[in-house]
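Novice: Model the placement of chain B on the given structure of chain A, informed by the hints.
These protein sequence lines map, in sequence, to chains A and B.
Numbering follows our numbering, with no gaps: position 28 of the first sequence is 28.
Numbering follows our numbering, with no gaps: position 246 of the second sequence is 246.
Think of the hints as simulated: they come from the structure by calculation, not from any bench.
Among the clues, some could well be false.
[Claimed, not checked] When the alpha-carbon atoms are kept at most 25 Å apart in a straight line, the in silico DMTMM-like pairs for lysine to aspartate or glutamate are as follows:
#1 A:K37 - B:E83
#2 A:K204 - A:D93
#3 A:K37 - B:E92
#4 B:K86 - A:E36
#5 A:K37 - A:D20
#6 A:K123 - B:E187
Owing to the predicted nature of the structure, the values given are computational and were not obtained by experimental measurement.
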Amino acid sequence: MAETLTLATRDGTSAGTGPDPASPLAVRGLTVSYGEKPALFSVDATFPVGAMAAIVGPNGAGKSTLLKASLGLIPSVSGLVTVFGQPIAAARDRIAYVPQRASVDWDFPTTVTDVVLMGRYRKLGLFRRVTRAECALATDALGRVGMEGFASRQIGQLSGGQQQRVFLARALAQEADLYLLDEPFAGVDAATERAIIEVLKALKAEGKSVIAVHHDLSTVAEYFDHVFLVNVRAMAEGPVATTFTPEALAQTYGGRLAATHLDQLALVRG
Amino acid sequence: MSMGADFVQFSLTPILIGILAAIACALPGNFLILRRQALIGDAISHVVLPGIVVAFLVTGTIAAIPMLLGAGAAALVAVALIEAIKRLGGIEPGAAMGVVFTALFAGGVLLLEQSDTSRVHLDVEHALMGNLETLIWFQAEGWGSLADPAALADLPPELLRIAVVALAIAVLTVVFWRPLKLSTFDEGFARAIGLPVSVIGLGLVIAAAVAAVAAFDAVGSIIVIAMFICPPATARLMTNSLAAQVWGSVGFATLSAILGYVLAGYGPLWLGFDSAVSAAGMIAAVSGLILGLACLFGPHRGRVGVAAGG
Chain A
1 MAETLTLATR
11 DGTSAGTGPD
21 PASPLAVRGL
31 TVSYGEKPAL
41 FSVDATFPVG
51 AMAAIVGPNG
61 AGKSTLLKAS
71 LGLIPSVSGL
81 VTVFGQPIAA
91 ARDRIAYVPQ
101 RASVDWDFPT
111 TVTDVVLMGR
121 YRKLGLFRRV
131 TRAECALATD
141 ALGRVGMEGF
151 ASRQIGQLSG
161 GQQQRVFLAR
171 ALAQEADLYL
181 LDEPFAGVDA
191 ATERAIIEVL
201 KALKAEGKSV
211 IAVHHDLSTV
221 AEYFDHVFLV
231 NVRAMAEGPV
241 ATTFTPEALA
251 QTYGGRLAAT
261 HLDQLALVRG
Chain B
1 MSMGADFVQF
11 SLTPILIGIL
21 AAIACALPGN
31 FLILRRQALI
41 GDAISHVVLP
51 GIVVAFLVTG
61 TIAAIPMLLG
71 AGAAALVAVA
81 LIEAIKRLGG
91 IEPGAAMGVV
101 FTALFAGGVL
111 LLEQSDTSRV
121 HLDVEHALMG
131 NLETLIWFQA
141 EGWGSLADPA
151 ALADLPPELL
161 RIAVVALAIA
171 VLTVVFWRPL
181 KLSTFDEGFA
191 RAIGLPVSVI
201 GLGLVIAAAV
211 AAVAAFDAVG
221 SIIVIAMFIC
231 PPATARLMTN
241 SLAAQVWGSV
251 GFATLSAILG
261 YVLAGYGPLW
271 LGFDSAVSAA
281 GMIAAVSGLI
291 LGLACLFGPH
301 RGRVGVAAGG
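Chain A on its own, in the form it takes in the complex:
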């Protein structure tokens, strides 16, 4: 079965509906499997350009997997992914990525500026020197996340919130059109959360597209304008105003979300 799916979708032409070429990230029939059990099954998603989009779903629903498989960080069984209508390999210059903070070892021997400059490595290649302009870009990125005073700080000395800001600064240094963030608010302090959301809103104001894996249902309506609900399968997708409904959430989370909890959320009544 997996083989048939691969044959049917890999070349794109035979996939049912073609991906929208304007969409910063369009996914068709994405299936990802860890061992026997699928983590994502035949997921379709079309994120609109210029949106602040949240990928929402219960633990183990495949939120991060969707991001990672779209970027080609993990292998997928089948599926077609396009970024601004292009295959991912041709669009890497237009993508900035913020991995989960906990995915790296913060005892690595390096400084804050050095990490931000890693956002320039694709442009710098193996040998191109880090110019004054590159350094200015890194300094500017640190300023936008409120970390200008930490440029030469050892990364091992940062708090969790500061680590997350440095990762966001590195993404800003990539000067991309699409920003993909994996749980950017996980385990950060309130000030950092506000700083990050300000930066993301500024990106949106510049016409950039933002897609974030998000786990805090209470802030979805406040922070985002587009939502993608997933639980292994795609459950619902659309503007927060019309899609982020108690019915859609109940369907996505099954019995795992208490009714009382639903009442506390700033939900739009469908």
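Specialist: Coordinates of chain B only, in the frame set by chain A:
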């Protein structure tokens, strides 16, 4: 013959070979310990032995290329065995690795004892401790021999071999500095910007294997295990900059080789014993001692996740 001539003839080449072998292993070791793969360096140095013995039994020579191919084949067998033990036995990866590498090393020792290797420098003692002390420069008559083509032609071939390998690894480290650094720190981000992370990881392990095979011949497996881990781990405890760590590992590798060689040759005499001890063993012991001092007194101690060597 003066002291200088004695030194050039008997000590210069062993010390140089010791230094180059230590550096060739320490360079990839830096990235292995930061990737929490120190065990791989350990593993490689064990697997090299059966690979080399089988390559010798098949080809009848100890030339570099068959040795390398043999070691590479043994590494593949080891990886397949580890996977099999993990899957079939449901054993955790660390234990599966430990079992496979020690078993393969032991198999190599048995194979070596049963083979007729009297024509070449290949026996259990050399496998463990190398033959550093015998790699002397017969034709040398003093420092002037360094400018004498006839004398230079008589340099032990192990010196050229390890020099080429150490230089190649140093050049590769400089050329691939950014990809190595980024894929070691943040693999996901490295993949996201299009770096071939798996190829870089494989290249690192291959570089470590080449260093191990080249060093194994001259200095034995003890030193290989020690040099993958001790100089980089020591350097990590002394600095918080990756570039400084790598330079530091080269410095500590060099220091261990020189100090170890001198202590092995003269230490026992100073203590009133008659004979010298194994230089390779002493170099490894000195590198461990330096690491111990860094653990106690280094400015950035308590940070490195070094797996215990076996």
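Novice: Decide, hint by hint, whether the structure agrees.
Specialist: Hint-by-hint comparison with the structure:
1. Between the alpha carbons of A:K37 and B:E83 the distance comes to roughly 21 Å, so the proposed pair stays at or under 25 Å and holds.
2. Of the supplied pair hints, the one linking A:K204 and A:D93 holds, its CA atoms being roughly 18 Å apart against a limit of 25 Å.
3. At most 25 Å may separate the alpha-carbon atoms for a hinted pair to count; A:K37 and B:E92 meet this at roughly 21 Å.
4. Restraint check for B:K86 and A:E36: the C-alpha separation of about 17 Å stays at or below 25 Å, so the hint holds.
5. Between A:K37 and A:D20 the CA atoms are separated by roughly 29 Å; this puts the pair beyond 25 Å, and the hint is violated.
6. Straight-line distance between C-alpha atoms of A:K123 and B:E187 comes to about 18 Å, which keeps the hinted pair within the 25 Å bound.
In this structure, the one hint that does not hold is number 5.
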